[in-house]
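Protein chains in written order, with the working numbering: chain H, 1 to 198; chain F, 1 to 198.
Quick caveat, the hints were computed from the structure, so don't treat them as lab data.
Just so it is clear, CB atoms sit at the ideal spot from N, CA and C, and this is done for glycine as well.
There could be a bad hint or two in this list.
As the list claims (entries may be wrong) - Some chain F residues close to chain H (C-beta under 10 Å, calculated; not the full set): (1) THR42; (2) GLN62; (3) ARG150; (4) ALA183.
As the list claims (entries may be wrong) - Output of the computed footprint for chain F on chain H, the stretches with three or more beta carbons under 8 Å from beta carbons of chain F: (5) 12-22; (6) 53-60; (7) 64-71; (8) 93-105; (9) 161-170; (10) 175-184.
What the hints assert, rightly or not - FRET-style restraints, in silico, Cβ to Cβ: (11) PRO84/H - GLU36/F: 25 to 31 Å; (12) ALA90/H - ASP193/F: 33 to 39 Å; (13) ARG122/H - PRO69/F: 48 to 54 Å; (14) GLU67/F - GLY131/H: 33 to 39 Å; (15) GLU67/F - ASP181/H: 45 to 51 Å; (16) ALA149/H - ALA90/F: 47 to 53 Å; (17) GLU67/F - PRO84/H: 31 to 37 Å.
What follows is each chain in one-letter form.
Protein chains: 2
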Amino acid sequence: MTEPRWIGIVLFDGFEELDAVGPWEVLAWWTQQHPEDGYGVTTLAREPGPVTAAKGMQLLPQHTFAEVPELDIVLFPGGRGTRPLMRDDAMLDWVRDRQTRASLMTSVCTGSLVYAAAGLLRDRPATTHHGSLAELSAADPTIKVDADARYVDDGDVITSAGVSAGIDMALHLVVRLAGEDRAREVRRGIQYDPEPPV
Amino acid sequence: MTEPRWIGIVLFDGFEELDAVGPWEVLAWWTQQHPEDGYGVTTLAREPGPVTAAKGMQLLPQHTFAEVPELDIVLFPGGRGTRPLMRDDAMLDWVRDRQTRASLMTSVCTGSLVYAAAGLLRDRPATTHHGSLAELSAADPTIKVDADARYVDDGDVITSAGVSAGIDMALHLVVRLAGEDRAREVRRGIQYDPEPPV
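Just need the whole structure built from these sequences, with the hints factored in.
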């Protein structure tokens, strides 16, 4: 067995639960059913120990920043915890450093605000939660904010809209990395045939 | 402040991550934005300490069975961890006892297998993950298995289809408990306008 290419979901205090766990479900379903595709998914946080999410759920990261395997893809969730990170030089340096080493940086919801603050979205198209579009523009006025997209794939950076949009973005990732048939299989596995009752 | 009516999401080894966290996001968004509606949502497990979900994520429950506040609504996720619970007399007794005290028992995915094993679904319509419909019938042949429904609302018991169907079921719960406008607001909050790319 060769080491998989790792997709790392970043956990931090105040991350929005579904921003992380929606993509986690899609990517873990895929990579655990099909290790032969060559990818794995994990979670990481700065420090060991429980991380408290935006709505109060507590998760234990699988790795710390210091000892996580090299990441091929980074996924940054949103949530109110992103706001202090926009002024957190150590985190912004970490994001910039990861971009130079990873093949793909992805975000869900207001995770893109952290990428914007780190300069990753300069002159690029990007999106975020519908309630934070102006905040994204303010963080970096060169961003071509897309208010309508479910996710924006700009090659080596993908940003997505709010919360549940991360599920669609993660399925798009499976399409990119393993093809449409595989993504359809994952969609069927998690029975993602949404019928919102309102 | 009067004590809210509590909705309790049961965590157990091998529960499927999105089965629990999808409804959690919907219900936590609602109850934290609108405490005046009189509901709160929490998580519970038999024992304190981390619970390892089906895909390997670890969560810390907010309560143990022994000290959780009285629950008005129980939500039982699915996942491969449900299979041992179908033969776990202490858990089945706990489920039966909760049914006598709660106003509503709900499940996501193969959570309904545990309800079936406990006798809660006798002569009732119910559903589960598309891959476990036969298993549901086998667990209790009197169940009127609905293979097509996203969720089945049978009054004091609601069962839903696989994994992501829990998000739709949770929105339906908000409709029942707080009305369509509120559910629409929550849907907008979590930007649940699904556009699966495949």
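Hints, one by one, checked against the model:
| no. | hint | result |
| --- | --- | --- |
| 1 | THR42 | 9 Å, holds |
| 2 | GLN62 | 7 Å, holds |
| 3 | ARG150 | 5 Å, holds |
| 4 | ALA183 | 4 Å, holds |
| 5 | 12-22 | holds (count 5) |
| 6 | 53-60 | holds (count 6) |
| 7 | 64-71 | violated (count 0) |
| 8 | 93-105 | violated (count 0) |
| 9 | 161-170 | holds (count 7) |
| 10 | 175-184 | holds (count 4) |
| 11 | PRO84/H - GLU36/F: 25 to 31 Å | 29 Å, holds |
| 12 | ALA90/H - ASP193/F: 33 to 39 Å | 35 Å, holds |
| 13 | ARG122/H - PRO69/F: 48 to 54 Å | 50 Å, holds |
| 14 | GLU67/F - GLY131/H: 33 to 39 Å | 37 Å, holds |
| 15 | GLU67/F - ASP181/H: 45 to 51 Å | 48 Å, holds |
| 16 | ALA149/H - ALA90/F: 47 to 53 Å | 49 Å, holds |
| 17 | GLU67/F - PRO84/H: 31 to 37 Å | 33 Å, holds |
Hints 7, 8 from the earlier list are contradicted by this structure; the remaining hints agree with it.
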